[in-house]
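There are 2 protein chains.
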Amino acid sequence: MAEPDRERWSLVRQAIEDTGLDALVCCLAENIVLLSGYYSVTGASMAIFPRVGEPVLIAPRFEREFVDRGWIGDVREYDTWQNRYELPPAHLLRLARTVAEERGLRGGRIGIEGRFETIAPNGLSGEPTGLGVPGQALIGEAFACEPIDATELLYELRARKTAREIERLEIASEVASLGLIAFKEHAQPGNREVDVSAAVESAVRVGGPGYRGARHAFAWAQVTSGPATAGNWNYPLSSARRLERGDLVVIELGVVVDGYWSDLTRTVCAGTANQQKRDLFALVREAHAASTGAVRAGATGVEVDAAGRSLIAATGLGDAFVHQTGHGIGFRYHEPIPFVAPHSSHTLEAGHVHSIEPGVYIPGVGGCRIEDICVVETARGRLISHAEFDLA
Amino acid sequence: MAEPDRERWSLVRQAIEDTGLDALVCCLAENIVLLSGYYSVTGASMAIFPRVGEPVLIAPRFEREFVDRGWIGDVREYDTWQNRYELPPAHLLRLARTVAEERGLRGGRIGIEGRFETIAPNGLSGEPTGLGVPGQALIGEAFACEPIDATELLYELRARKTAREIERLEIASEVASLGLIAFKEHAQPGNREVDVSAAVESAVRVGGPGYRGARHAFAWAQVTSGPATAGNWNYPLSSARRLERGDLVVIELGVVVDGYWSDLTRTVCAGTANQQKRDLFALVREAHAASTGAVRAGATGVEVDAAGRSLIAATGLGDAFVHQTGHGIGFRYHEPIPFVAPHSSHTLEAGHVHSIEPGVYIPGVGGCRIEDICVVETARGRLISHAEFDLA
Chain A
1 MAEPDRERWS LVRQAIEDTG LDALVCCLAE NIVLLSGYYS VTGASMAIFP
51 RVGEPVLIAP RFEREFVDRG WIGDVREYDT WQNRYELPPA HLLRLARTVA
101 EERGLRGGRI GIEGRFETIA PNGLSGEPTG LGVPGQALIG EAFACEPIDA
151 TELLYELRAR KTAREIERLE IASEVASLGL IAFKEHAQPG NREVDVSAAV
201 ESAVRVGGPG YRGARHAFAW AQVTSGPATA GNWNYPLSSA RRLERGDLVV
251 IELGVVVDGY WSDLTRTVCA GTANQQKRDL FALVREAHAA STGAVRAGAT
301 GVEVDAAGRS LIAATGLGDA FVHQTGHGIG FRYHEPIPFV APHSSHTLEA
351 GHVHSIEPGV YIPGVGGCRI EDICVVETAR GRLISHAEFD LA
Chain B
1001 MAEPDRERWS LVRQAIEDTG LDALVCCLAE NIVLLSGYYS VTGASMAIFP
1051 RVGEPVLIAP RFEREFVDRG WIGDVREYDT WQNRYELPPA HLLRLARTVA
1101 EERGLRGGRI GIEGRFETIA PNGLSGEPTG LGVPGQALIG EAFACEPIDA
1151 TELLYELRAR KTAREIERLE IASEVASLGL IAFKEHAQPG NREVDVSAAV
1201 ESAVRVGGPG YRGARHAFAW AQVTSGPATA GNWNYPLSSA RRLERGDLVV
1251 IELGVVVDGY WSDLTRTVCA GTANQQKRDL FALVREAHAA STGAVRAGAT
1301 GVEVDAAGRS LIAATGLGDA FVHQTGHGIG FRYHEPIPFV APHSSHTLEA
1351 GHVHSIEPGV YIPGVGGCRI EDICVVETAR GRLISHAEFD LA
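Same order as they appear, the protein sequences are chains A and B. If you count by this note's numbering, then the first sequence holds residues 1 to 392, one letter each, in order. If you count by this note's numbering, then the second sequence holds residues 1001 to 1392, one letter each, in order.
What the hints contain is simulated information worked out from the structure, not anything from laboratory work. Don't take every hint at face value.
As the list claims (entries may be wrong) - DEER-style ranges, computed between Cβ atoms:
no.	chain 1	residue 1	chain 2	residue 2	range
1	A	ARG61	B	GLU1065	41 to 47 Å
2	A	VAL52	B	GLN1276	53 to 59 Å
3	A	GLU152	B	GLU1086	16 to 22 Å
4	B	GLY1231	A	MET1	36 to 42 Å
5	A	ALA282	B	ARG1242	44 to 50 Å
Quick caveat: nothing in here was measured; it's all calculated off a predicted structure. Glycine included, each C-beta is placed from N, C-alpha and C at the ideal position.
One chain only, chain A, in its complex shape (with noise of 0.2 Å):
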């Protein structure tokens, strides 16, 4: 087991008190890795997390590698899936029950992840958990209580990151900018952007797992191409297309390490770009360094979002960023709090990570965009990822 994140674990305890709560209980993922730092392969586990005295982990036996990566110690461990096993429910609500007997948590104020609907999946993404009326039924039979809604205090609490989960976002941001150099070798003309993806998620597959204690990474990379570049701001899956001598070509790669995510963009010409494409590159590399150099504890959402899109809007094009400047990243590949956007009502404060993603999409010309994650620090913004370089 690994040395709890006290510092993580000082903030939830006080945000338990100060919303009057007996316990928080977690079932996704990415909120079981906020609690104790523990990933869960299939998402069938429980973290309880009381106001008094230790937290608790329920999790399958077999994933027992990865609960030992995490730091929570009381550990109550459930065989599953074998035919002489219950399945993973019953195992939770009798586990769940035992704890909530034991520290006098039955009929008490329980707290739930209650409007999750998007999710970070968990280490087996093919087949995500969520929390639907069926778990929050569960918790409230094993609690002998009405679950209370704490999806803002959970969303503040992954807002602040502790200095480990700032090392932990390093590493993931590190490993992503590996794939950031495939894609560098990969965006040539003949590729299609199919096989470009193929090579960014590989790269990650491959030099993530033991790259600074790093177990497992997971990579989804997009890659878009050519005249569709103008689209590329909506999330557009990598197709079939062969790259064209001189087109545009923009990567979005989301990557999670351990349960720790990065998300990044850069945008390479195939070949040789015009002086128009070059131009657009210079104006949004140009942004992206003026909202990171906004950045403070202290600055607000609308000022480091505007250092960058004044710059944009000075040359007529400020109608075509059309997105934020960037969003929360840590626990999930996009995270709420803080939002970098003309109508943000966040200021920024030291612990805060977000995306740097100015981008400007030109119809029938392209689209640039580039994302980098940066650390709040009290004086300044500080980037973690680790891949620059020119569109061509």
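Could you slot chain B onto chain A? The hints should help.
Same frame as chain A, but now just chain B:
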């Protein structure tokens, strides 16, 4: 737009009538595929299938390419995620309410995906969307009703595939078979488990798009090697372990092609297998053939399981075949119907699609499993995966 799958639509309409619903409303990518053939990228869509009249689809405008691959003609598009537009829930509420008013569905009996907690991800599988309390409240408000849980109806509908759906599942299993060929090639001494996984996933990613009209393919490969294969029934994640000469190597491979799933397993030996491992492999292959040979409409899940299991039990290894022989598959990696196991209550029907996956796991020696996808026909079971190879 594609020609509707009339067979599927009449089955859906019949089920809606039989259960006394006024409409079925689905938000999960996997059920939108069932109703419309459209595989959502971002999970921000809704399909409304009324008892009377044509179905309606609500989807983000930027997913039109994918919407057009499906077969719902009445599509209500919306713009989102740019700075000037609202987020998806506001549009879904507004447009669903409009449809409810047009079709006289307000206050009606509206069936929803009430108990789906483990779900298939959408195309952007790094951030899947579930249906939780907010989504259920949204449907309740749009249709002015208390939604009715239609989970059983959906699982029953999903169990019996139409001719077109079987063709799509054949494509998925053929694409997945490309991954198995890469597995056989890369499962060599000296390669790490994660290297083999990456090669398999890459083969699917590059081989899928364009294959028999496929647009999008994604793969999750889990490779286990050496003594750890004895625990392979429990979804271990590929590790950085290097394959050693004489190791058993098992791959568990989940693949989705445009929303239709495959699930295949192969066992090989890195280098030369000793007699004990060859015997183990031969036994599992015999059990696989025996269970496959027992498949036909009217056979029970217990009978098909017993056909293979009895051969394993006869060698004294009955306790080492710890799991079921098969599970349903189609709109997700694992479907509940039909279950092929000692304690199954299901009888196979023509159009059922399930795995055949006997496995034997011997601590200290290793494990062996062979898994294919089988379509139940009137008089036989037909395998739709095509990559058979020997242990070494």
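Hint check:
Separated by about 45 Å at the C-beta atoms, ARG61/A and GLU1065/B satisfy the suggested range of 41 to 47 Å. Against the hinted window of 53 to 59 Å, the Cβ-Cβ separation of VAL52/A and GLN1276/B comes to about 54 Å, which satisfies the hint. Hint check: GLU152/A to GLU1086/B, Cβ distance near 21 Å, so the stated range 16 to 22 Å holds. For the hinted restraint 36 to 42 Å between GLY1231/B and MET1/A, the CB-CB distance of approximately 20 Å leaves it violated.
The given range of 44 to 50 Å is respected by ALA282/A and ARG1242/B, whose C-beta atoms sit roughly 45 Å from each other.
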